[in-house]
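Q: Each chain, letter by letter, is given below.
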Amino acid sequence: MSLNSESLNSEPIERRPRHDGDQIMKLAGYSIYVLLGMAATTSLLFAPGELLIAVVGMVPAAVALFWDRSPGRRTAQCVAAMNFAGVSAIMALAWDNGGSLAAAAELLTNVYVWLVMLLGAAMGWVIVWLARMVAGRVIIGVINHQVAQLKEQQNELVRDWGRRVLDED
Amino acid sequence: MRQTGTEEAMVAIEILIGELSAGANERRLTLVPTTRLEALEQPGTEAYAIIDEHHPDRALFGLACDPRVPIRLAAADALRGQDIAGSLELIAVGRAPLGPGDTKRLLVIYPYPDGARLVTPATGQPVQIEERAIFPAVVGPVATTLIEWEKRGLCHGAVRPDNLFMPGSGDKGALLGDGLSSPCGAWQPTVYEPISRARATPVGRGQIDGSADIYALGVTAAALLKGATPGENLDHAALMRELSGRGAVATLAGFVDPQSSIGVALEGMLHETPEKRWSATEVVRWVKDRVRPPDLGGQRSMRRHGFTFLGEEHRTPKSLAMALATDPDKASQVLRKGEVTDWLRKTAGEKRLADALEAVVSPNNPDYSGRRLETPELVSRASIVLDAEAPILYRGTAVRPDGIGPALAEAEAKDDKETIDDLMSILKYGVAEFWIDQQTSPPAALAEFAATLKSARVHAKRKAPGFGIRRALYDLNPSLPCQAPLIRDALILDVDDVLPTLQDRVASNPPNGRLIDRHLAGFIASKLEIAESRNVVGLGAPNIETDKIWRSTIWLLGTLHSRSDGRRYKSFAKWLTGRLSPVLDELHNRTDRKTIVDTIAEIAVDGNLSAMATALLDEKLWRADAQSFAGARQRMASLRDQIATLTEDKAYRDRESRTLGNQFALAASYALLGFTLIFVAGTILS
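If you read the protein sequences in the order shown, they are chains Y and H. Going by this note's numbering, the first sequence opens with residue 1, and the numbers climb by one from there. Going by this note's numbering, the second sequence opens with residue 1001, and the numbers climb by one from there.
So that you can see chain Y by itself, here it is in the shape it has in the complex (with noise of 0.2 Å):
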């Protein structure tokens, strides 16, 4: 949270870009990108049919990163977390069923399997969705808060010096 009571106690509020949050974000996705090629190419050679799942049922995933051009793209990281939850458990079937591409394209023919892998996303845009309501909620109770130190330190100031400094020029 960037609203803390001390930086309003004392100096007036500055909206500077954040440089050092966005640069740790894209460090993480590049990582992202580096630990799902490393999978991939791991699933090609041992589990084919887990990667035809993954790349189909990332779909949304994809489409969200690509939709996504906030620095960091918080959002499409939630989205493809809670996509990737709902994938890994059809990966998971795929894996029982023997790994192959044939079965993996069995299964996609199953509806369930893909209303799981969509609403595993579907379940990332909830969550933002609600986080961002909560913590507009937050941010309103701080800045209230702040507000009212802050005219207590006008009140002390009418306090010493009188309503004369309230006078603008």
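In case anyone wonders, no lab produced these hints; they're calculated from the structure. Do not rely on the hints blindly, as some may be mistaken.
Subject to a maximum C-alpha distance of 20 Å in a straight line, what follows is the list of computed EDC-like cross-link-like pairs (lysine to aspartate or glutamate) [stated by the list, open to error]:
{"hint": "1", "chain 1": "Y", "residue 1": "151", "chain 2": "H", "residue 2": "1649"}
{"hint": "2", "chain 1": "H", "residue 1": "1574", "chain 2": "H", "residue 2": "1598"}
{"hint": "3", "chain 1": "H", "residue 1": "1594", "chain 2": "Y", "residue 2": "156"}
Now the stretches of chain H that chain Y is said to cover, found in silico as 3 or more residues with beta-carbon under 8 Å [as the list claims (entries may be wrong)]:
{"hint": "4", "segment": "1581-1595"}
{"hint": "5", "segment": "1626-1637"}
{"hint": "6", "segment": "1640-1647"}
{"hint": "7", "segment": "1672-1681"}
Taking beta-carbon pairs under 7 Å as the criterion, some of the chain Y residues facing chain H (in silico) [to be verified]:
{"hint": "8", "residue": "77"}
{"hint": "9", "residue": "82"}
{"hint": "10", "residue": "92"}
{"hint": "11", "residue": "124"}
{"hint": "12", "residue": "128"}
{"hint": "13", "residue": "131"}
{"hint": "14", "residue": "136"}
{"hint": "15", "residue": "143"}
{"hint": "16", "residue": "147"}
{"hint": "17", "residue": "157"}
{"hint": "18", "residue": "161"}
{"hint": "19", "residue": "165"}
The beta-carbon is built from N, C-alpha and C at its ideal position, and this holds for glycine as well.
Could you slot chain H onto chain Y? The hints should help.
A: Only chain H this time, still in chain Y's reference frame:
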């Protein structure tokens, strides 16, 4: 002497000048206000019987003076304790309540004169004295007395028949009466003044011209010989014309044989030029031994073409000077065209006057600091150049430099704004100093007076209270009582009496508004020689700006108290404390304000006005308060901006919400992913 009173109500007199003790006891003089002595009164005064409690058998009288014009206190001080033969002995100058509301008046106290005035009571005309008696009875004794006055650096200023008392018995000469109760020569009829003084406003004739006494003695002698006032049938203008055209001897003593001893003396005493007039010593030598002083020559005959102005030909610069003053607009035209300068240079042969006049008219004169002379000033300066002995003529006002003060006092008393304007212009534009510069041999006292004029000019130019007209009034009239309505009736002459009197006034009749008006500010500033206006300028602030008014008031009172003898003014300080709220309210910091309020309250208990002023007007405190207050206002503005950002900037709020929400969501998503992977892995492995 008529005594109008019957009931003896005695009033103690506060002695200002005179012996304060009689032997081992304090001297006590008392006034009998019900016993008025009209026969002893001088113009502008009232006479009352005075009783000396240690010498009740000695008859005294006091002249109660007009409090609006200065009396000759410095001269009285010089005569303190001295009994000059031939003039009334000054017993004391005192102050006593007299008249409605116990208003105080100055009293000049003398013993009863021995003898009667040299006037016929029924007609007021001078008595007639034979030619053989005039020297031993009047001219000799009065001239001898004037020598004694001159030795003390004084002139008398009131030599005339109705101010001379002739003893009824013995061979004593005439006794000179009062000459201190008014400005020098202020009440002299015009005919008793030489033309150079007679043209001036009576109170503006100036005090520094001893030879004028000899002239007055000459006219007095002529009047007593004639048994009537000479020139009494002439009005002022006609008298001036006669004196200017025919001379004083022909005008006033034409009936006297010029070859007679008195005729010779009158010619010497009535000379128009002060330097050529006989001195008192020369008069006495003539009276005693008929020794005639060396003839310094008469006025130069002016047989040449004159300068025609307003249809009249003027053959002398003096005559032209008088004419120019009668029509300043036309005079300005001929002066600016250089016609008068040309006449002086080419026809009259007065190169020195021509050069001086050219400098006056020149717009490039460095003395004018680049300003163009207005018509009244131009004509006034030109008249001075042409006739340096005449008084300064400025519009309708005629005054000598040392008479500006008394003339200003009289104009103030009469609220004569035109005359006040004229006198202030004379002062502010340096015309009075110019007059002194033009004198060929000015008396030392007049040269010293130039310094007073210079400082008065500097102060007169400022408009703040304590400066301007009232400052000039008190700078040029050191013996004028303070004319502020609040304390006028107390007849304050000494600035040290101001605080006790103010304390009495605020206790008995506190003022609703300001405590210090422009008169009181001018009086105090003059006596304390205050040169800077920044601390008193608030006294002139509009009524609504009470903080400025009282800030300057407390400064002035504190300054006044700091030079006093340590006396405390407890009730006055307490009263002042209640008036200082507007000043204290200007102190922004409430903690400091409370501290100062407490401090001032403590000091007020002690009655120390000086300490009150110091505490309240501490510059370091006020500067620090102003700086801190500016910082507090900046801080308030910053807080206001921060609150506005937090409460009114929706984009900012949304951005913060989204950022925080995304962080929440990411954490939750990864946590759920982790649980899912663990669960899936567990399922596979089992």
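Q: A separate judgement is required for each hint: does it hold in the structure or not?
A: Hints, verified against the model:
no. : hint             : result
1   : Y/151 to H/1649  : holds (17 Å)
2   : H/1574 to H/1598 : holds (13 Å)
3   : H/1594 to Y/156  : holds (17 Å)
4   : 1581-1595        : holds (count 4)
5   : 1626-1637        : holds (count 6)
6   : 1640-1647        : holds (count 7)
7   : 1672-1681        : holds (count 5)
8   : 77               : holds (6 Å)
9   : 82               : holds (5 Å)
10  : 92               : holds (5 Å)
11  : 124              : holds (6 Å)
12  : 128              : holds (4 Å)
13  : 131              : holds (4 Å)
14  : 136              : holds (4 Å)
15  : 143              : holds (5 Å)
16  : 147              : holds (5 Å)
17  : 157              : holds (5 Å)
18  : 161              : holds (5 Å)
19  : 165              : holds (5 Å)
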